[in-house]
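Undergrad: Listed below, chain by chain, are the residues.
Protein chains: 2
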Amino acid sequence: MAAMDIANHLRRHKKSLTRARTEIWRILTQSEKPLSPNEIHRRLNTPKANLATVYRNLRALQDVGLVREIDLREAFKRYEAILAGRHVHHIMCQVCGRIDKIRHCMIQDMANAIQKESGFTLEDHYLECFGICPSCQPHKTEAQGA
Amino acid sequence: MAAMDIANHLRRHKKSLTRARTEIWRILTQSEKPLSPNEIHRRLNTPKANLATVYRNLRALQDVGLVREIDLREAFKRYEAILAGRHVHHIMCQVCGRIDKIRHCMIQDMANAIQKESGFTLEDHYLECFGICPSCQPHKTEAQGA
DNA sequence: ACAAAAATGCAAATCGTTTGCAAGTCTCAT
DNA sequence: ATGAGACTTGCAAACGATTTGCATTTTTGT
Ligand SMILES: [Mn+2]
Ligand SMILES: [Mn+2]
Ligand SMILES: [Zn+2]
Ligand SMILES: [Zn+2]
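Chains as they are written, first to last, in the working numbering: chain A, 1 to 146; chain B, 1 to 146.
Treat the hints as calculated values from the structure; they're not laboratory data.
Since this is a predicted model, take the numbers as computed values, not measurements.
There's no promise every hint is true.
[To be verified] Once the Cα atoms are required to be at most 25 Å apart in a straight line, the calculated SDA-like pairs of lysine to any residue come out as: (1) B/Lys101 - A/Asp71; (2) A/Lys77 - B/Leu83; (3) B/Lys33 - A/Tyr55; (4) B/Lys77 - A/Glu123; (5) A/Lys101 - B/Lys33; (6) A/Lys33 - B/Tyr126; (7) A/Lys101 - B/His87; (8) A/Lys77 - B/Ile99; (9) A/Lys33 - B/Ile99; (10) A/Lys101 - B/Leu122; (11) B/Lys116 - A/Lys48; (12) A/Lys33 - B/Glu69; (13) A/Lys33 - B/Cys136; (14) A/Lys33 - B/Asn45; (15) B/Lys101 - A/Lys33; (16) A/Lys77 - B/Val88; (17) A/Lys101 - B/Leu83; (18) A/Lys33 - B/Lys33; (19) A/Lys77 - B/Cys136; (20) A/Lys33 - B/Leu83; (21) B/Lys77 - A/Ile99; (22) B/Lys77 - A/Ser36; (23) A/Lys116 - B/Lys116; (24) B/Lys77 - A/Leu122; (25) B/Lys116 - A/Ser16; (26) A/Lys101 - B/Tyr126; (27) B/Lys77 - A/Leu83; (28) B/Lys14 - A/Arg68; (29) B/Lys116 - A/Gly97; (30) A/Lys116 - B/Cys136.
[Stated by the list, open to error] Taking beta-carbon pairs under 10 Å as the criterion, some of the chain A residues facing chain B (in silico): (31) Ser16; (32) Leu17; (33) Arg19; (34) Glu23; (35) Arg26; (36) Tyr55; (37) Cys105; (38) Leu122; (39) Asp124; (40) Phe130.
Heads up, the beta-carbon is just placed ideally off N, CA and C, and yes, glycines get one too.
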């Protein structure tokens with residue numbers, strides 16, 4: 001979904017194109033990692049839309065398929081823009097909290113096995129990983145940057 | 001972890017073996033699917049331990065590695081016993097909510113690719129799937145049971 | 001059995017998220 | 001451009017899950 005598609009996307013679902021939605025979409029597409037509702041709210045231009053509006057719009061954007069919810073076992077959920085229909089997974093550093101994307105995913109390859117094992121059709125999945133990022137790894141020359 | 005190991009497990013972490021913990025462990029090991037704190041509380045024998053105690057003990061059991069938290073995008077988390085150190089994933093029916101286990105997992109096979117792509121070591125991951133269970137699938141003879 | 005450590009009940013507090021409602025904004029046909 | 005209706009927003013209150021303080025009870029190790 002290119003950035004400009006947002007208008008059509010919303011119209012198709014009879015949702016309005018509002019300043020809050022435009023801004024949230026901009027914030028999400030500019031972020032390198034999924035953001036929490038609070039983080040999004042903090043980044044809004046003044047006058048800031050209400051936090052409740054952020055929540056409502058995150059749901060609206062999810063409804064039309066522009067945004068995805070990410071659970072990294074924190075106290076809150078994170079949200080990210082779905083670009084080009086691509087779906088990605090994440091890996092979070094257990095030491096410093098850094099979050100990177102994982103584009104590698106072989107779940108589709110597992111689909112057959114899963115459907116055979118469970119009898120379910122596989123419609124959706126989420127995969128989130130936890131590990132230690134390069135700068136937090138011990139016993140290294142620490143040559144690589146953060 | 002066999003059912004009897006719970007005592008040693010707890011002792012090793014200087015946690016007491018209490019009635020509430022024993023009961024929660026029994027309830028979790030007897031359940032075919034992960035349970036919410038409320039579900040667990042409901043299944044407690046009278047006199048019921050307090051719900052706060054259930055929460056505290058679920059955390060304690062996680063701390064010692066006996067219990068795992070599962071997020072199926074519901075309003076609450078679910079918890080399940082970790083048996084024999086095995087880790088499983090789940091698939092939940094998007095129509096009726098039925099939850100089945102998936103023992104099939106090739107994430108370990110992805111580990112190399114993920115580590116190469118992100119530079120992170122892969123310490124942990126979770127994978128949860130959503131689909132449609134046999135009894136909820138349309139265009140079928142409906143021959144198979146629930 | 002005893003003293004110290006850990007766990008519990010209970011109620012209040014937190015915290016993320018949702019909701020009702022009146023007022024404001026957007027959309028679309030005229 | 002304009003007006004009515006549809007949709008959205010702000011605000012504060014409500015919610016529900018989870019956590020916490022503290023006095024009391026249970027468990028542990030000796
Ligand atoms: Mn995937
Ligand atoms: Mn796995
Ligand atoms: Zn790190
Ligand atoms: Zn089903």
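Undergrad: Determine for every hint whether it applies to the structure shown.
TA: Against the structure, the hints come out as follows:
no.: 1; hint: B/Lys101 - A/Asp71; in the structure: 20 Å, holds
no.: 2; hint: A/Lys77 - B/Leu83; in the structure: 29 Å, violated
no.: 3; hint: B/Lys33 - A/Tyr55; in the structure: 31 Å, violated
no.: 4; hint: B/Lys77 - A/Glu123; in the structure: 21 Å, holds
no.: 5; hint: A/Lys101 - B/Lys33; in the structure: 30 Å, violated
no.: 6; hint: A/Lys33 - B/Tyr126; in the structure: 18 Å, holds
no.: 7; hint: A/Lys101 - B/His87; in the structure: 23 Å, holds
no.: 8; hint: A/Lys77 - B/Ile99; in the structure: 22 Å, holds
no.: 9; hint: A/Lys33 - B/Ile99; in the structure: 30 Å, violated
no.: 10; hint: A/Lys101 - B/Leu122; in the structure: 13 Å, holds
no.: 11; hint: B/Lys116 - A/Lys48; in the structure: 41 Å, violated
no.: 12; hint: A/Lys33 - B/Glu69; in the structure: 24 Å, holds
no.: 13; hint: A/Lys33 - B/Cys136; in the structure: 36 Å, violated
no.: 14; hint: A/Lys33 - B/Asn45; in the structure: 45 Å, violated
no.: 15; hint: B/Lys101 - A/Lys33; in the structure: 30 Å, violated
no.: 16; hint: A/Lys77 - B/Val88; in the structure: 23 Å, holds
no.: 17; hint: A/Lys101 - B/Leu83; in the structure: 31 Å, violated
no.: 18; hint: A/Lys33 - B/Lys33; in the structure: 32 Å, violated
no.: 19; hint: A/Lys77 - B/Cys136; in the structure: 29 Å, violated
no.: 20; hint: A/Lys33 - B/Leu83; in the structure: 34 Å, violated
no.: 21; hint: B/Lys77 - A/Ile99; in the structure: 22 Å, holds
no.: 22; hint: B/Lys77 - A/Ser36; in the structure: 19 Å, holds
no.: 23; hint: A/Lys116 - B/Lys116; in the structure: 31 Å, violated
no.: 24; hint: B/Lys77 - A/Leu122; in the structure: 22 Å, holds
no.: 25; hint: B/Lys116 - A/Ser16; in the structure: 43 Å, violated
no.: 26; hint: A/Lys101 - B/Tyr126; in the structure: 15 Å, holds
no.: 27; hint: B/Lys77 - A/Leu83; in the structure: 29 Å, violated
no.: 28; hint: B/Lys14 - A/Arg68; in the structure: 41 Å, violated
no.: 29; hint: B/Lys116 - A/Gly97; in the structure: 19 Å, holds
no.: 30; hint: A/Lys116 - B/Cys136; in the structure: 16 Å, holds
no.: 31; hint: Ser16; in the structure: 27 Å, violated
no.: 32; hint: Leu17; in the structure: 28 Å, violated
no.: 33; hint: Arg19; in the structure: 29 Å, violated
no.: 34; hint: Glu23; in the structure: 26 Å, violated
no.: 35; hint: Arg26; in the structure: 26 Å, violated
no.: 36; hint: Tyr55; in the structure: 14 Å, violated
no.: 37; hint: Cys105; in the structure: 8 Å, holds
no.: 38; hint: Leu122; in the structure: 5 Å, holds
no.: 39; hint: Asp124; in the structure: 4 Å, holds
no.: 40; hint: Phe130; in the structure: 4 Å, holds
In this structure, the earlier hints numbered 2, 3, 5, 9, 11, 13, 14, 15, 17, 18, 19, 20, 23, 25, 27, 28, 31, 32, 33, 34, 35, 36 are contradicted, and the remaining ones agree with it.
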